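**Student:** So the sequences go chain by chain: A and B.
When you line the first sequence up against full-length UniProt numbering, it's residues 1 to 389, in that order.
When you line the second sequence up against full-length UniProt numbering, it's residues 1 to 389, in that order.
For the record, the hints were derived by calculation from the structure and aren't laboratory data.
Heads up, a few of these hints could be off.
The list makes no distinction among identical chains, and a pair is therefore deemed to hold if it is satisfied within one copy or across any two copies.
To be verified - Pairs of lysine to aspartate or glutamate, DMTMM-like flavour, derived with a Cα cap of 25 Å: (1) K38 / D186; (2) K258 / D171; (3) K58 / E72; (4) K168 / D379; (5) K233 / D385; (6) K168 / D36.
Source: prediction; values computed, not measured.
There are 2 protein chains.
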Amino acid sequence: MIPVSEALDNLLSLISTTEIEEVPLVQAAGRVLARDLKARRTQPPFSASAMDGYAVNKAEVERHAMFKVIGESAAGHGFQGRVGAGQAVRIFTGAPVPEGASFVVIQEDVSRSGDLITITDPPGDNDNIRPAGGDFIAGEVVTAPRVLGSADIALLASMNIATVPVRKRPDIALISTGDELVMPGDTPGPDQIIASNTFGLKALLDDLGAKARILPIARDTIPALTAAFDLAKGADLIVTIGGASVGDHDLVAPVAAKMGMEQSFYKVAMRPGKPLMAGRMGASAMVGLPGNPVSAMVCGHVFLAPMVRIMLGLSHKPAVQQARLAAPLSANGPRMHYMRARFEDGQITAFERQDSSLLSVLAQANALLIRPPNDHARDSDESVDFIQL
Amino acid sequence: MIPVSEALDNLLSLISTTEIEEVPLVQAAGRVLARDLKARRTQPPFSASAMDGYAVNKAEVERHAMFKVIGESAAGHGFQGRVGAGQAVRIFTGAPVPEGASFVVIQEDVSRSGDLITITDPPGDNDNIRPAGGDFIAGEVVTAPRVLGSADIALLASMNIATVPVRKRPDIALISTGDELVMPGDTPGPDQIIASNTFGLKALLDDLGAKARILPIARDTIPALTAAFDLAKGADLIVTIGGASVGDHDLVAPVAAKMGMEQSFYKVAMRPGKPLMAGRMGASAMVGLPGNPVSAMVCGHVFLAPMVRIMLGLSHKPAVQQARLAAPLSANGPRMHYMRARFEDGQITAFERQDSSLLSVLAQANALLIRPPNDHARDSDESVDFIQL
Chain A
1 MIPVSEALDN LLSLISTTEI EEVPLVQAAG RVLARDLKAR RTQPPFSASA
51 MDGYAVNKAE VERHAMFKVI GESAAGHGFQ GRVGAGQAVR IFTGAPVPEG
101 ASFVVIQEDV SRSGDLITIT DPPGDNDNIR PAGGDFIAGE VVTAPRVLGS
151 ADIALLASMN IATVPVRKRP DIALISTGDE LVMPGDTPGP DQIIASNTFG
201 LKALLDDLGA KARILPIARD TIPALTAAFD LAKGADLIVT IGGASVGDHD
251 LVAPVAAKMG MEQSFYKVAM RPGKPLMAGR MGASAMVGLP GNPVSAMVCG
301 HVFLAPMVRI MLGLSHKPAV QQARLAAPLS ANGPRMHYMR ARFEDGQITA
351 FERQDSSLLS VLAQANALLI RPPNDHARDS DESVDFIQL
Chain B
1 MIPVSEALDN LLSLISTTEI EEVPLVQAAG RVLARDLKAR RTQPPFSASA
51 MDGYAVNKAE VERHAMFKVI GESAAGHGFQ GRVGAGQAVR IFTGAPVPEG
101 ASFVVIQEDV SRSGDLITIT DPPGDNDNIR PAGGDFIAGE VVTAPRVLGS
151 ADIALLASMN IATVPVRKRP DIALISTGDE LVMPGDTPGP DQIIASNTFG
201 LKALLDDLGA KARILPIARD TIPALTAAFD LAKGADLIVT IGGASVGDHD
251 LVAPVAAKMG MEQSFYKVAM RPGKPLMAGR MGASAMVGLP GNPVSAMVCG
301 HVFLAPMVRI MLGLSHKPAV QQARLAAPLS ANGPRMHYMR ARFEDGQITA
351 FERQDSSLLS VLAQANALLI RPPNDHARDS DESVDFIQL
């Protein structure tokens with residue numbers, strides 16, 4: 001048995017970052033920026049008023065001072081002339097501050113009569129001007145890689161960046177195997193169950209930024225598995241679920257080998273989980289997951305999620321957090337245990353039922369509580385590691 | 001000035017939950033379940049083996065006991081007969097446990113010679129059988145509302161639910177207004193800047209589950225704004241950005257009024273933020289946001305996000321968290337202040353520059369530190385509220 005970290009290193013060595021593609025800014029949200037980007041302009045591009053008011057020369061600003069209004073500067077339509085002594089320009093938020101002006105008196109501090117204004121209230125020290133380049137200057141860099149959030153998108157827009165280089169979504173082919181499986185909506189025979197792993201894994205992987213596709217269920221025959229692998233060709237990653245153990249009906253390994261896979265096989269010291277199959281098949285990486293629904297989903301979180309992150313050019317580190325135990329835990333065995341758990345108000349509670357077939361328990365969980373191999377018994381209130389689901 | 005909570009209550013009274021639509025399971029991830037769903041079957045539908053091994057009668061299980069193998073039960077292909085005294089059935093993980101059997105001896109504890117097996121190792125107490133209905137029984141309920149995560153999708157699949165009733169994504173029309181704006185990729189004039197708010201807000205709202213559409217920029221004229229509102233018709237929510245104040249060029253309010261809007265106007269005690277315009281316009285709710293980029297985005301988090309959640313049938317409560325201050329903060333003024341901040345390792349630090357025009361600062365922030373009105377000065381290490389961005 002090898003530790004989880006060694007299995008993960010092996011899996012990560014099978015993959016590389018995806019290509020870069022240019023997408024319109026409006027489609028870039030949630031994607032991973034692939035190259036540093038430079039601002040194509042300075043923001044604000046001119047000194048801009050932060051308020052509605054009157055632009056004047058700062059040296060002349062004092063209570064009871066009077067000015068003649070000689071024009072207007074509105075957003076998008078600046079005042080073209082110069083503000084001289086005793087002069088003011090009506091100005092609005094976001095409008096360019098005209099030449100000669102160095103202070104905006106807010107309209108609430110002024111009384112106006114025709115073309116004349118008088119400062120009626122103490123105007124304070126703030127000049128109410130946003131200096132040119134106060135937000136960023138042309139050439140300023142947004143560094144890659146980063147997952148583009150809503151504020152990044154707004155920032156790139158204001159830098160006048162209309163298309164964005166992002167990592168292509170990894171193409172992941174999902175193959176569930178087994179004569180016992182039918183698709184949701186079908187009528188299962190008495191010995192059959194519904195395929196659920198591919199649906200759960202697709203939701204998980206798509207949410208991480210991949211583009212997973214569910215292939216038809218492969219029956220437990222050599223031709224069926226061969227056909228499934230043929231359909232998967234071109235994928236960055238092929239994931240099979242079930243049939244990858246060493247039982248008499250486990251055909252994934254021999255068929256994959258016949259199709260040219262250089263196969264690695266790991267006994268990973270983890271629960272839930274089973275021997276993991278992995279290798280390269282032509283241009284694709286290939287991973288064989290156990291068929292138990294919860295095992296498959298936990299392996300998705302522990303192994304496939306880091307693979308997707310690396311393919312997207314991100315770091316693979318999962319965000320391990322700490323929480324206090326709400327109840328004691330007995331000692332752990334020799335395998336890393338990812339316990340389905342509930343994290344609430346800073347406390348974490350492992351579910352009592354940890355069998356790897358129980359999707360109803362996984363669906364209630366919002367965390368995987370991580371028990372290291374041979375971890376001794378833990379009291380309530382001790383701190384443990386977990387990853388959020 | 002009214003408090004943020006009162007403004008929010010007013011805004012929430014303008015909207016209602018969207019209609020329900022049925023989507024294929026594979027498209028339901030991330031959507032909000034709109035109606036309780038009942039499992040269409042029991043899982044496992046039969047007592048199933050948890051291991052590869054031999055199914056026998058539990059009463060006969062002891063070390064050195066011998067059995068005759070009379071058949072096989074594989075996943076998808078159960079054994080049709082009955083297991084009698086001294087008999088065993090070869091069985092694989094997930095396969096139905098045949099009638100008469102009540103224990104699965106794992107293959108590692110058995111030696112086989114032809115049709116005969118002998119138990120060579122102490123088989124332990126665990127019967128290695130997953131009882132029928134151990135995960136869920138037909139009719140068991142998945143309760144709405146809930147955002148469907150990957151484990152929910154896997155669970156619904158295994159319940160044989162092929163289509164899912166979800167809330168329609170709210171249709172949100174985004175209109176930015178102002179002669180100073182051009183679209184990303186355009187060449188701005190000397191007094192112009194790039195429209196960024198609609199792009200940032202679309203990313204934010206789409207991520208929350210809405211379907212936002214960016215309408216053409218509305219110039220500061222009555223016909224341009226009228227045309228924009230016409231394009232927005234049918235939206236669940238119309239959001240304008242800029243032009244909603246009381247300046248000479250702020251035409252949003254009068255044009256909206258002319259188009260039948262029953263208008264409310266709030267001075268909200270918050271920073272960043274400005275008077276907020278809101279009302280109903282035909283079948284749509286309408287909100288007018290301030291034009292400063294950071295004000296618009298913060299109002300998006302504080303006001304629009306809860307509106308989307310309510311439209312999706314969820315609770316509107318933002319997830320307020322607590323963290324310790326990394327540095328002291330001076331006293332706050334009379335308005336709720338949403339400070340752009342960085343939350344790391346349990347500590348939170350407000351950025352020095354809090355001007356509402358600075359998108360570069362917002363893009364570095366991962367939290368909004370919430371200062372209540374008139375909050376006194378705070379020392380480092382004091383606990384404060386924040387929402388994660």
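**Student:** If a hint holds in the structure, say so; if it doesn't, say that too.
**Tutor:** Consistency of the hints with the structure:
1. K38 / D186: Close across copies (16 Å), not inside one copy (53 Å); limit 25 Å.
2. K258 / D171: within (23 Å within a copy, 51 Å between copies)
3. K58 / E72: within (18 Å within a copy, 94 Å between copies)
4. K168 / D379: Classified as neither; 46 Å inside a copy, 46 Å across copies.
5. K233 / D385: The answer is neither: 38 Å in one copy and 50 Å across copies each exceed 25 Å.
6. K168 / D36: within (16 Å within a copy, 37 Å between copies)
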